[in-house]
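*Asks:* Please arrange chain A on chain Z, whose structure you already have, making use of the hints.
Each protein sequence line maps, in turn, to chains Z and A. Each residue of the first sequence is one higher than the last, beginning at 265 in this note's numbering. Each residue of the second sequence is one higher than the last, beginning at 265 in this note's numbering.
To be clear, the hints were calculated from the coordinates, so they are not data collected in a lab. Just so you know, not all the hints are guaranteed correct.
Put simply, identical chains are the same to the list, so a pair is met inside one copy or across any two.
[What the hints assert, rightly or not] Derived pair list, reagent style BS3-like, types lysine-lysine, alpha-carbon separation capped at 27 angstroms: (1) Lys642 <-> Lys516; (2) Lys642 <-> Lys296; (3) Lys669 <-> Lys698; (4) Lys274 <-> Lys327.
In this text the structure is predicted, and so the values were computed from the model without any measurement.
2 protein chains.
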Amino acid sequence: MSKTKPSIPKGTRDFGPEEMGRREHIFSTIRKVFYKYGYQPIETPAMETLSTLLGKYGDEGDKLLFRILNSGDFLSSATDGDLQDRNLRPLSDAITDKGLRYDLTVPFARYVVQHQNEITFPFKRFQIQPVWRADRPQKGRYREFYQCDVDVIGSTSLLSEVELIQVIDEVFHRLEVAIEIKMNNRKVLSGLAEVIGERDRFSDLTVIIDKIEKIGIDRVMTELKDLEIAPKYLEQIRSVLTFSGGPQDKLKFLEEILDGSSIGIQGVKEMTMIFNYLQDLDVNATVIFDMSLARGLNYYTGAIIEVVSKDVQIGSICGGGRYDDLTGVFGLENISGVGVSFGADRIYDVLHQTNRFPNTKKSVSSLLLVNFGEAEEKYSLKLLQHIRQAGISAEIYPDHAKLKKQLAYANAKNIPHVALVGASEMEEGKITLKMMHSGEQKIMTLEELLQFLA
Amino acid sequence: MSKTKPSIPKGTRDFGPEEMGRREHIFSTIRKVFYKYGYQPIETPAMETLSTLLGKYGDEGDKLLFRILNSGDFLSSATDGDLQDRNLRPLSDAITDKGLRYDLTVPFARYVVQHQNEITFPFKRFQIQPVWRADRPQKGRYREFYQCDVDVIGSTSLLSEVELIQVIDEVFHRLEVAIEIKMNNRKVLSGLAEVIGERDRFSDLTVIIDKIEKIGIDRVMTELKDLEIAPKYLEQIRSVLTFSGGPQDKLKFLEEILDGSSIGIQGVKEMTMIFNYLQDLDVNATVIFDMSLARGLNYYTGAIIEVVSKDVQIGSICGGGRYDDLTGVFGLENISGVGVSFGADRIYDVLHQTNRFPNTKKSVSSLLLVNFGEAEEKYSLKLLQHIRQAGISAEIYPDHAKLKKQLAYANAKNIPHVALVGASEMEEGKITLKMMHSGEQKIMTLEELLQFLA
Numbered sequence: 265m266s267k268t269k270p271s272i273p274k275g276t277r278d279f280g281p282e283e284m285g286r287r288e289h290i291f292s293t294i295r296k297v298f299y300k301y302g303y304q305p306i307e308t309p310a311m312e313t314l315s316t317l318l319g320k321y322g323d324e325g326d327k328l329l330f331r332i333l334n335s336g337d338f339l340s341s342a343t344d345g346d347l348q349d350r351n352l353r354p355l356s357d358a359i360t361d362k363g364l365r366y367d368l369t370v371p372f373a374r375y376v377v378q379h380q381n382e383i384t385f386p387f388k389r390f391q392i393q394p395v396w397r398a399d400r401p402q403k404g405r406y407r408e409f410y411q412c413d414v415d416v417i418g419s420t421s422l423l424s425e426v427e428l429i430q431v432i433d434e435v436f437h438r439l440e441v442a443i444e445i446k447m448n449n450r451k452v453l454s455g456l457a458e459v460i461g462e463r464d465r466f467s468d469l470t471v472i473i474d475k476i477e478k479i480g481i482d483r484v485m486t487e488l489k490d491l492e493i494a495p496k497y498l499e500q501i502r503s504v505l506t507f508s509g510g511p512q513d514k515l516k517f518l519e520e521i522l523d524g525s526s527i528g529i530q531g532v533k534e535m536t537m538i539f540n541y542l543q544d545l546d547v548n549a550t551v552i553f554d555m556s557l558a559r560g561l562n563y564y565t566g567a568i569i570e571v572v573s574k575d576v577q578i579g580s581i582c583g584g585g586r587y588d589d590l591t592g593v594f595g596l597e598n599i600s601g602v603g604v605s606f607g608a609d610r611i612y613d614v615l616h617q618t619n620r621f622p623n624t625k626k627s628v629s630s631l632l633l634v635n636f637g638e639a640e641e642k643y644s645l646k647l648l649q650h651i652r653q654a655g656i657s658a659e660i661y662p663d664h665a666k667l668k669k670q671l672a673y674a675n676a677k678n679i680p681h682v683a684l685v686g687a688s689e690m691e692e693g694k695i696t697l698k699m700m701h702s703g704e705q706k707i708m709t710l711e712e713l714l715q716f717l718a
Numbered sequence: 265m266s267k268t269k270p271s272i273p274k275g276t277r278d279f280g281p282e283e284m285g286r287r288e289h290i291f292s293t294i295r296k297v298f299y300k301y302g303y304q305p306i307e308t309p310a311m312e313t314l315s316t317l318l319g320k321y322g323d324e325g326d327k328l329l330f331r332i333l334n335s336g337d338f339l340s341s342a343t344d345g346d347l348q349d350r351n352l353r354p355l356s357d358a359i360t361d362k363g364l365r366y367d368l369t370v371p372f373a374r375y376v377v378q379h380q381n382e383i384t385f386p387f388k389r390f391q392i393q394p395v396w397r398a399d400r401p402q403k404g405r406y407r408e409f410y411q412c413d414v415d416v417i418g419s420t421s422l423l424s425e426v427e428l429i430q431v432i433d434e435v436f437h438r439l440e441v442a443i444e445i446k447m448n449n450r451k452v453l454s455g456l457a458e459v460i461g462e463r464d465r466f467s468d469l470t471v472i473i474d475k476i477e478k479i480g481i482d483r484v485m486t487e488l489k490d491l492e493i494a495p496k497y498l499e500q501i502r503s504v505l506t507f508s509g510g511p512q513d514k515l516k517f518l519e520e521i522l523d524g525s526s527i528g529i530q531g532v533k534e535m536t537m538i539f540n541y542l543q544d545l546d547v548n549a550t551v552i553f554d555m556s557l558a559r560g561l562n563y564y565t566g567a568i569i570e571v572v573s574k575d576v577q578i579g580s581i582c583g584g585g586r587y588d589d590l591t592g593v594f595g596l597e598n599i600s601g602v603g604v605s606f607g608a609d610r611i612y613d614v615l616h617q618t619n620r621f622p623n624t625k626k627s628v629s630s631l632l633l634v635n636f637g638e639a640e641e642k643y644s645l646k647l648l649q650h651i652r653q654a655g656i657s658a659e660i661y662p663d664h665a666k667l668k669k670q671l672a673y674a675n676a677k678n679i680p681h682v683a684l685v686g687a688s689e690m691e692e693g694k695i696t697l698k699m700m701h702s703g704e705q706k707i708m709t710l711e712e713l714l715q716f717l718a
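Chain Z on its own, in the form it takes in the complex:
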């Protein structure tokens, strides 16, 4: 075997103990809130058949799928012609039939259809797993990253939208991240497209409107103008995108503008109901009605949600919305659902930049027993067993190394207490406890030690 200088594929990451503790803080907070609101976990395989994945994320998404080479004679379905002409597209279909999941939404839709007879609807599920995208890696964008998805599927009730706002609010409140929750409704945007006679170009419109955060209102208007929308309609769009006021003002304004579009009025009704319910509940976050929020994904059909940090400009840290027919492509029609996805990596960055990570003591022993030699280690093993039996996380240094080295180990690992048990301690049945932080030492019995550490 040759010596290989070790490295990992670009866009992927190792997580060491400290990062793991911080990430677990995020995941366990999210998980606890999901459970509290009655959501249950599922997991799906890392690999899905390509027929499940292809065509669900647009042409661009298809290109970003990681495909898995078929086992054995992977060329068995490849034609001589395609091989000779190096026809990438048909060849890639011939030599791969599985891919790594690209998100958790499509596998969830597949899961719901496949297991529809075992599921009690409405199905409230969450899923926290990595996804893979062959994107060009850059700061904050990875080829392997975790998504935390929570959805209710099988109900059209707006209570689910309200509940998801509460879930988002509680997650970020627990994480001590101040947030703004932006909401809009694709029906409102549809209505707007309808009243300006542009229903057919709804998708183009939303793609442009979606850029407003990045490029600003003026450039959005320029791009809309390039679509050759009549000036009076352009003015109407601008008035919606720039309207300022509270949710109630906006809803009133939209009621007038969208008069004549039944889908638009339906969107206004939905938003009215959601804001009415929210008004009565304690919500820490600022919830705003952002009529310029569009969200790119075409499967959204109702309320759309996006969350940003108030303190760190890093883009959306959570987002989602209602979809009326996610499972249709797998043969199960008319199942409406709504869900949001928490972006663990960006949340990590926000907590890091705002210094919100707690001390993750959980992952560190409370005590290191120093190893002075063979007789001492044998004696210490018994002590250690008592300490662990009391539920205290503890360890012994495995080698008879110099005291200095053993203390350096405790230091590096952030172990707060060190027990010194040498010949005299053994004789007296005592333990010398050293506090690593202050350097202070105390002599105590095992019982006193257990009490002290409890």
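*Replies:* Below, chain A without anything else, positioned relative to chain Z:
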């Protein structure tokens, strides 16, 4: 988009809420014990470069790696000749440079070498992640499954072996699985090979001895005979493999047999020390010295460990050993380590067959609020907020469905209590609580409800 009948790749699995709860019981038990003994978590990417993976698992293992098709022009390094001749081996190397991890051991070795300057040795780490193998799927063998690895690396101390036995013991004690821990030492086997003049065929010998559980002593002896080992040596091997008695008897016996092999005597010394230490400690499991235990993997160099259930015959549910040079292949020499891996899927089967899964209440709401209509749901949302603020997991049925349907939902989801809040309850400020198990109903105030559910 065409309708696809949804399915998942063979050998992979979906996990629904109930299985997730049970699996989490296993993982969280293992994780808690790992933490208690001072081990810290790491995670590595699902994909590793093929240069990290290839050549580490033998030719058979190389074939079982899932390879990931390169992005973009994946044929750019493929030669016309190889394409024309369909040369699978060079082509697969040309079109893939990443693979899915096959176990957690090689990525761990790669991690240790890559991050050696950040790590404080001895490094006690654990890792719980899925691995992928393109094996033929069969009962109990999957293409995606979880491993739970725990290792100490950077120390030759036998205290680590002792500690891992304690870790194994505590994990299975907490899981209520009665186990037998079998131990042997590769140095003992090396010594045996040496005294019969077969050091060169050590690997062949261990492969045959390793089969004893499956094929029995007689067929093992036949296979050894086929290696043309002299009759007197065959007798010696048989005497070792069939010797019965306690650890001390076996060690004494081996001391005689292995006299003259320094490596063999070293193995006996190590085992003596390990059993001495264990004697003084409380261990629930039966720990036996099994001189026929060989374990297939060639990187083991010292103690080897294998765990079986006393109640379910399913093979090894945990195993491992000491390796003296796992990181050498990545350029870091002379770093000894020892570790074991828990097989979550087999442990699942054992718990399932022996009915040892606890009620996983954690994943289920304690209370469902029935939804009687618009006025009631608005009122109930406030109640629900109070209930959740008290830390109680609860939910409201999102739709105004028939009572029967809502109760069926609570039933299917195993929600133990249902709150009925209709017009009369709203008027009186009361809640009617229905126990799903007994059907009993009680009328109470919110405060009384919170006390009842706390």
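*Asks:* All the hints need checking, so say for each whether the structure fits it.
*Replies:* Consistency of the hints with the structure:
1. Lys642 <-> Lys516: between (78 angstroms within a copy, 22 angstroms between copies)
2. Lys642 <-> Lys296: So Lys642 and Lys296 pass the 27 angstroms test across copies only (25 angstroms; inside, 42 angstroms).
3. Lys669 <-> Lys698: Cα proximity of Lys669 and Lys698: one copy only (15 angstroms, versus 62 angstroms across).
4. Lys274 <-> Lys327: Result: close both inside a copy and across copies, 17 angstroms intra and 24 angstroms inter.
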